[in-house]
Amino acid sequence: DSGVTQTPKHLITATGQRVTLRCSPRSGDLSVYWYQQSLDQGLQFLIQYYNGEERAKGNILERFSAQQFPDLHSELNLSSLELGDSALYFCASGTGVSGNTIYFGEGSWLTVV
Amino acid sequence: AQSVTQLGGHVSVSEGALVLLRCNYSSSVPPYLFWYVQYPNQGLQLLLKYTSAATLVKGINGFEAEFKKSETSFHLTKPSAHMSDAAEYFCAVSNAGGTSYGKLTFGQGTILTVHP
Numbered sequence: 001d002s003g004v005t006q007t008p009k010h011l012i013t014a015t016g017q018r019v020t021l022r023c024s025p026r027s028g029d030l031s032v033y034w035y036q037q038s039l040d041q042g043l044q045f046l047i048q049y050y051n052g053e054e055r056a057k058g059n060i061l062e063r064f065s066a067q068q069f070p071d072l073h074s075e076l077n078l079s080s081l082e083l084g085d086s087a088l089y090f091c092a093s094g095t096g097v098s099g100n101t102i103y104f105g106e107g108s109w110l111t112v113v
Numbered sequence: 001a002q003s004v005t006q007l008g009g010h011v012s013v014s015e016g017a018l019v020l021l022r023c024n025y026s027s028s029v030p031p032y033l034f035w036y037v038q039y040p041n042q043g044l045q046l047l048l049k050y051t052s053a054a055t056l057v058k059g060i061n062g063f064e065a066e067f068k069k070s071e072t073s074f075h076l077t078k079p080s081a082h083m084s085d086a087a088e089y090f091c092a093v094s095n096a097g098g099t100s101y102g103k104l105t106f107g108q109g110t111i112l113t114v115h116p
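Order-wise, the sequence lines are chains A and B.
Counting in the working numbering, the first sequence runs from 1 upward without gaps.
Counting in the working numbering, the second sequence runs from 1 upward without gaps.
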């Protein structure tokens, strides 16, 4: 158990819909990272938050957004869903200090039908 | 920009044999390097990381990796494979330092199969 909690574990939704994925970081970690794992794109960094502020952005679509709340949990919002958005979405957390370990949650499986 | 290349999408070994999973990286700044393992239907677990200390890094489950700057490589090895090592392995790179630490660039992964 990494200490990073993600909900829901599985989600099936229709095209055009909107979903929210939730992540609770390890106790004491200020940084939250979101990654997408798909068969065709592999593991890709989406976005990072540090203590409530966006810190780095990767290949995140405009239809996707994220935020980190004062209690440090984070949500990834995916809207106008397409079939190609079906993937495993990972949240990871870390202290934000260079060299420290980044811990991954078990992921949220999203299937768009 | 940074990138990771994992040579060999599938590696098959016999139980007790040497495991060698290859990783080459490209980075314009000193890198941090990681190996993660993913078991079926599970998240990513850190095996080991290189953060500019010793070039030979020992990790969990008997794995180790050596950072070779001249070869831009960070290959993962284990002297004797066990059936429980069967999983997918990912090499990743991050810029050392700075605010974007933790923004990992992953390789495509290597599936390790262990035969009895």
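Bear in mind the hints are in silico, worked out from the structure with no lab data behind them.
All C-beta atoms in this analysis are idealised placements derived from N, C-alpha and C, irrespective of residue type, glycine included.
Mixed in with the good hints there might be a few duds.
[What the hints assert, rightly or not] To give a feel for the contact side, a few chain A residues facing chain B, derived at Cβ under 8 Å: (1) G52; (2) A56; (3) N59.
[As the list claims (entries may be wrong)] Chain B is nowhere near these chain A residues, computed Cβ spacing over 10 Å in every case: (4) R26; (5) L43; (6) F64; (7) F69; (8) S98; (9) E106; (10) V113.
For this session: Taking the numbered hints from earlier one at a time, note which ones the structure violates and give those numbers from smallest to largest.
Result: Structure breaks hints 1, 3, 5, 8, 9.
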